[in-house]
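Trainee: Could you use the hints to bring the two separately framed chains together as a complex?
For the protein sequence lines, the chains are A and B, in the order given. For the first sequence, the tail end lands on 324 under the working numbering, and the numbers increase by one without skipping. For the second sequence, the tail end lands on 418 under the working numbering, and the numbers increase by one without skipping.
Calculated directly from the structure, the hints in this document are not laboratory data. Mixed in with the good hints, there may be bad ones.
[Unchecked claim] Below, a sample of chain B positions facing chain A; criterion: calculated Cβ distance under 7 Å:
#1 L143
#2 L175
#3 W179
#4 S244
#5 L247
#6 T249
#7 I252
#8 P280
#9 G318
#10 F322
#11 S346
#12 S361
[Claimed, not checked] FRET-style restraints, in silico, Cβ to Cβ:
#13 A:K70 - B:T214: 53 to 59 Å
#14 B:S174 - A:K70: 36 to 42 Å
#15 B:P181 - A:F314: 37 to 43 Å
#16 B:I155 - A:P47: 38 to 44 Å
[To be verified] Once the Cα atoms are required to be at most 25 Å apart in a straight line, the calculated BS3-like pairs of lysine-lysine come out as:
#17 B:K131 - A:K130
#18 B:K305 - B:K405
#19 A:K216 - B:K139
#20 B:K136 - A:K228
#21 A:K35 - B:K327
#22 A:K35 - B:K305
#23 A:K318 - B:K305
#24 B:K305 - A:K228
#25 A:K172 - B:K327
#26 A:K216 - B:K405
#27 A:K172 - A:K188
#28 B:K240 - A:K35
#29 B:K327 - B:K308
#30 A:K130 - B:K239
#31 B:K327 - A:K130
#32 A:K130 - B:K305
#33 A:K216 - B:K409
#34 B:K305 - B:K327
#35 B:K136 - A:K216
#36 A:K318 - B:K240
#37 A:K35 - B:K239
#38 A:K228 - B:K239
#39 B:K136 - A:K35
#40 B:K409 - A:K130
From a predicted model like this one, the values you see are computed outputs, not experimental measurements. Yeah, the Cβ is synthetic: ideal placement off N, Cα and C, and Gly gets one too.
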Amino acid sequence: MKEKKFITLEKQRAILGYCFTLPSFLGFLVFVVIPVVWALVISFQKYNIFTGATSFIGTDNYKAILTEPRALQALLNTLWYAVFCTVFNTLTGLLLALAVNSEAAKRISVIFRAIYFFPSLIGLTFVAVIWQVFFQTDFGVLNYYLGKIGIPAIGWLSNQHISKIAVLILDVWKNAGLSMLLILASLQSLSKDIIEAAEIDGAKPVRCFISVIFPMISPTVFFVLVMNLTGALRLYESALVLTNGGPGNSSLSLVMLITEKSFTSMNYGQGTALSMLLLIFIIIVTAIQFVGSKKWVNYD
Amino acid sequence: MINKHRIAKIVKNILLIVIMIAAAAVFIAPFLWVFSASVRTYAEATSLPPKWLPPSLDEWNTSYFAQIFSGQSRFFLWMKNSLFLSTLITIGMVFHAAIAGYAYARLEFRGKKAMFSLLLITMMIPVQVTIVPLFRIMNTLHVVNTLWSVALPGLFGAMCPGLAGGFGIFLLRQFYFKVPKEMEDAATIDGANPFVAFVKIILPMTKANLASLAIIAFSFSWNDYFNAFIMLNSPDKVTLPVGILQLRQPFQTGDNVVFAAITMAIVPVLVIFVLCQKWIVKSMINIGVKG
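Next up, chain B with everything else stripped away, as it sits in the complex (with noise of 0.2 Å):
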């Protein structure tokens, strides 16, 4: 009986290993084929069956990758666009988010309330709703086509997902509830100011969440479209995530250029999260509980 029942459960657990696997397929399929088809010539790349593989290393056809780095497309460009506008939103947003989220969980100030619920107000605002003014605020500041038209709006969430505006201060606020009250009360009584009180003992406290935070800004503003492509319209000004569609359109030209930059563009986002997939999956599921 026993031995039956056990039989029973394994063949059913190698069962859900199997789809298992082949889901994981599904989900690695497309970054594979990317790949294989940088390195093959545009007709071997699209012949049938599918290539998933690169093939022996002498047969590689390098001369899409030699493109990029020629300086024939404007990759490089795009990428420093891209670094450029992502650090910047990056330490802009976890600056403004660390200072409010601890003045809304911890200090007492007259409209504090209020001004909370604005806030949240602001999140549920999606950027393609304000996007029209926005361009106009930007026109004004004669802005528009510089990384600042997408910086600005940026800083206050225009490229978040879903989670728009102030998801940030939100977030680091829930964290600095929980940071033990005694620790300012501590500092204050030595004599401390509450500014420095803040930035000597409570900030370290929260390194982790801030790198946490940090790293959902980088990501949904490295992977950013609409903003960029609104706001920035002459080729040497765009980001990645434009300017490779600007690349599209390899069934037209016999020319898979944009399959290596892609695969350029990927392989960064997948070191990086080799090296730290146990900060990015904590961040992803801190928003995903928090937010």
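Isolated chain A (complex conformation) (with noise of 0.2 Å):
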């Protein structure tokens, strides 16, 4: 019937279709996919960034990082500040999500979830710098309050024992409330029936929370989890406004490191080698919530 229309309306959306995805699939391309596969190249080779000159070294620049003692000493920090980091986020988070989900909080609940959200908004270079203040051994905040009930002034940024917790104290105050607000956005839309039944059922609140509660927000736990997970393995202002990577390379994050590697030494191969950990890492990471999230999280 309408002749005059050359296209078919299933080609007119096949053409926007393209029209509509290349603009962004091109710069994927240019700007991760391309860079990535770039990146694994370089860590092979011996590379000059401003002029592009290679030479292929096999794997030196991998074994180079992996006997290096500040490589290595930088790689353990960063499997501590996964492991605690992510923990205490994630734990901070859903403690937090239920007081401000009890009864207790009902009416004033909306003003303790902006409080506790409000930092994760806020840039962590600016917090971080505060923090500082607050860390220091001999004139700190913190160490004045402790000094109050009687325990010695702790060496939060100057003892190599301790750096590491400093930076957890701050990732924590800073990210535990967006944990807190996914958790919580999962508690409100359980449905309430299910709850009041365990209640009446006689259930004491912390069997009702095990076995009625947790299973049903275990998805957005484990998402939290994961997410804290890989943003620990990207640890990097806090540790580096605080402590620069000190004392000696106690705090030393991995993403760290591949900065100083690539821009401050200029030592491109090892820098991206570094990083190439790091992404292993974080396949690992995302293998685990793929597989993780379809076998043992429980979905309704």
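Mentor: Here you go:
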């Protein structure tokens, strides 16, 4: 009937499909896909970023970083952050969410939610500068109050065994609010009937949480856990501002070392080799997420 | 019996509220402190016990704010850079995510699945992995040390913590799935071509979701330190998070202009947060639940 329309609607929609997807697709190709493949290549090269000159040196970069004590220390520190930042962020988020969602906070829960969440919106570099002042050994706010209850001054930023804990405290203070927000949203979407039914059946609050509520929010908690884990693997600004990786290398993170190798010592090969290790960690986490979200997490 | 139960419950609730208020104090304290420090002299600000609240108004030391407003520090230059960059990234990202999200959700074309799979893969690649090649690309394009060197990768999620790349597309695609198909069909029966149908019918329906994405993209790029730190190196070109670290060293110089700068960097966020708390919270929940 419509002879003059040469292009069918289906074709029109396909053409529009290409017009709509190509801008971002090409962008991701140029700014993500090609760079990641290129980075893999550079990790086997001696590379000059300004001239582009390269020479293939096999696995030398990997051998160099895997035998360098400083790099091993950074890897170990990053695993430490991955475990503790992830656990404490998720746990704090969960506890705050339960508190905000409780009957006690009912009328003012929005205010608590806003306060706990606010630090998540602020740039880490801004607040890290404040916390650096708080963590000072002699004039720091933290030690002042600890001193009041009889705890001797702690070298938050100057003691090798404690510097990571200072970074952890800042990280949890900064990020737990986002975990809380996501878990809280999940709690609030639960049907009240099931929980009430459990309570009427005489389940104690703890028991009710473990066997009724937690299974229902577990997909969100799992998501938050993974989010915190990938965040912890990329930990950077907090350690940079608080301790600059020190004392010694005690709080040096993987991303700090990647940046330092690549852009301070101009050793791009070793810098990208380290970044490939980061990528491997993230691929492992993503694989666990993929399998985990299918298997042991309760979706209803 | 019931009374005893009730009293126990009330006591428990009060205890919980007290703990929650204590926790809230910990979350607020650094902000109070930095504001208080910014209107005191250095010696006063760092003396113990800590000064959580600013002194009475006539004792305010406004010299640090004066320093910022007189242009002695580059604060407003950095703010301008940050504003320009975040606005550019936000607009670009919302635009390309809106059209691509729609195409991946609703249009049929060859290669769609492969393209979308590649997109999903890019979502797990953090910018720290690609930064050396990215720097090389920017160097070749002669844009290193200009805001474009941060903006171009930023459009494709370089500044997003955790959820890099195509999360905007992914997010909006989920929303477009929910738009009833009848809406489109009705438009095309009326003779509109698919593009017109999208712009006139579909796009207006997703305004709220576009705003969600805009809030997220803006706050990520506003707070981004890493990309700006690597790509920008002259003091006039950097953004607020990088600039403020250059102002640091209060302990060496006895100068707390950095606290005044931090206060001024935080206040706009606080104002926006108080005004649109509901929106911001909803946006963040959206990425969490859908991302």
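Trainee: A separate judgement is required for each hint: does it hold in the structure or not?
Mentor: Going through the hints against the structure:
For B:L143, the suggested interface contact is upheld, since its CB lies about 4 Å from the closest CB of chain A, less than 7 Å. Because the beta carbon of B:L175 sits about 5 Å from the nearest beta carbon in chain A, less than 7 Å, this interface hint is met. Using the Cβ-Cβ criterion of 7 Å, the hint placing B:W179 at the interface with chain A is not satisfied: the shortest such distance is roughly 9 Å. A least Cβ separation of about 12 Å between B:S244 and chain A goes past the 7 Å threshold, and the interface hint is therefore violated.
The restraint placing B:L247 at the interface with chain A is violated, with a minimum CB-CB distance near 10 Å, outside the 7 Å limit. Taking 7 Å as the C-beta cut-off, the interface hint given for B:T249 holds, the closest approach to chain A being about 4 Å. Taking 7 Å as the C-beta cut-off, the interface hint given for B:I252 holds, the closest approach to chain A being about 5 Å. Annotation: B:P280 was flagged as interfacial toward chain A, and the flag holds, the nearest CB pair being 5 Å apart, inside 7 Å.
Because the beta carbon of B:G318 sits about 10 Å from the nearest beta carbon in chain A, more than 7 Å, this interface hint is broken. Because the closest C-beta pair between B:F322 and chain A is about 6 Å apart, less than 7 Å, the hint holds. Annotation: interface hint on B:S346 holds; nearest CB of chain A at approximately 6 Å, less than 7 Å. Contact between B:S361 and chain A, as hinted, is not supported at the beta carbon level, the nearest pair being about 15 Å apart and thus beyond 7 Å.
Under the hint 53 to 59 Å, the C-beta atoms of A:K70 and B:T214, about 40 Å apart, miss the expected range. Separation of B:S174 from A:K70 is about 53 Å and departs from the stated range, judged on CB atoms against 36 to 42 Å. For the pair B:P181 and A:F314, the beta carbons lie near 51 Å from each other, so the given range of 37 to 43 Å is not met. The hinted window of 38 to 44 Å between B:I155 and A:P47 holds, with their beta carbons roughly 43 Å apart.
Distance restraint check for B:K131 and A:K130: the Cα-Cα separation of roughly 22 Å lies within the 25 Å cut-off, and the hinted pair is therefore satisfied. Restraint check: the Cα-Cα separation between B:K305 and B:K405 comes to about 22 Å, which is no more than 25 Å; the hinted pair holds. With a C-alpha separation of about 21 Å, the suggested pairing of A:K216 with B:K139 holds against the 25 Å cut-off. As the CA atoms of B:K136 and A:K228 are separated by approximately 13 Å, the hinted pair is consistent with the 25 Å bound.
Distance hint between A:K35 and B:K327 is fulfilled; the C-alpha atoms sit about 20 Å from each other, no more than 25 Å. Only pairs whose Cα atoms come within 25 Å are accepted, and A:K35 paired with B:K305 is accepted, the gap being roughly 23 Å. Taking the CA atoms of A:K318 and B:K305, the gap is about 23 Å. The hint holds against a cut of 25 Å. Only pairs whose Cα atoms come within 25 Å are accepted, and B:K305 paired with A:K228 is rejected, the gap being roughly 40 Å.
At most 25 Å may separate the alpha-carbon atoms for a hinted pair to count; A:K172 and B:K327 exceed this at roughly 65 Å. About 23 Å separates the Cα atoms of A:K216 and B:K405, which keeps this hinted pair within 25 Å; it holds. Restraint check: the Cα-Cα separation between A:K172 and A:K188 comes to about 24 Å, which is no more than 25 Å; the hinted pair holds. Straight-line distance between C-alpha atoms of B:K240 and A:K35 comes to about 18 Å, which keeps the hinted pair within the 25 Å bound.
For the given pair, B:K327 sits about 15 Å from B:K308 by alpha-carbon distance, which is consistent with the 25 Å threshold. Among the hinted pairs, A:K130 with B:K239 is inconsistent with the structure: their alpha-carbon atoms are about 47 Å apart, more than 25 Å. Our distance criterion of 25 Å between C-alpha atoms is broken by B:K327 and A:K130, whose separation comes to about 42 Å. Taking the CA atoms of A:K130 and B:K305, the gap is near 32 Å; set against the 25 Å cutoff, the hint is violated.
For a cut-off of 25 Å, the pair hint linking A:K216 to B:K409 stands: about 21 Å separates their Cα positions. At roughly 17 Å between alpha-carbon atoms, B:K305 and B:K327 fall within 25 Å of each other, so this suggested pair holds. Pair hint B:K136 plus A:K216 holds up; C-alpha atoms about 19 Å apart against a cutoff of 25 Å. Taken as a hint, the A:K318 and B:K240 pair is honoured in the structure, with Cα atoms around 21 Å apart against an allowance of 25 Å.
Taking the CA atoms of A:K35 and B:K239, the gap is near 14 Å; set against the 25 Å cutoff, the hint holds. Among the hinted pairs, A:K228 with B:K239 is inconsistent with the structure: their alpha-carbon atoms are about 51 Å apart, more than 25 Å. Using a Cα cut-off of 25 Å, the hinted pair B:K136 and A:K35 is violated, with the two alpha carbons roughly 66 Å apart. Under the criterion of a C-alpha separation no larger than 25 Å, the hint pairing B:K409 with A:K130 is consistent with the structure, at around 19 Å.
The structure is inconsistent with the numbered hints 3, 4, 5, 9, 12, 13, 14, 15, 24, 25, 30, 31, 32, 38, 39, although it conforms to all the rest.
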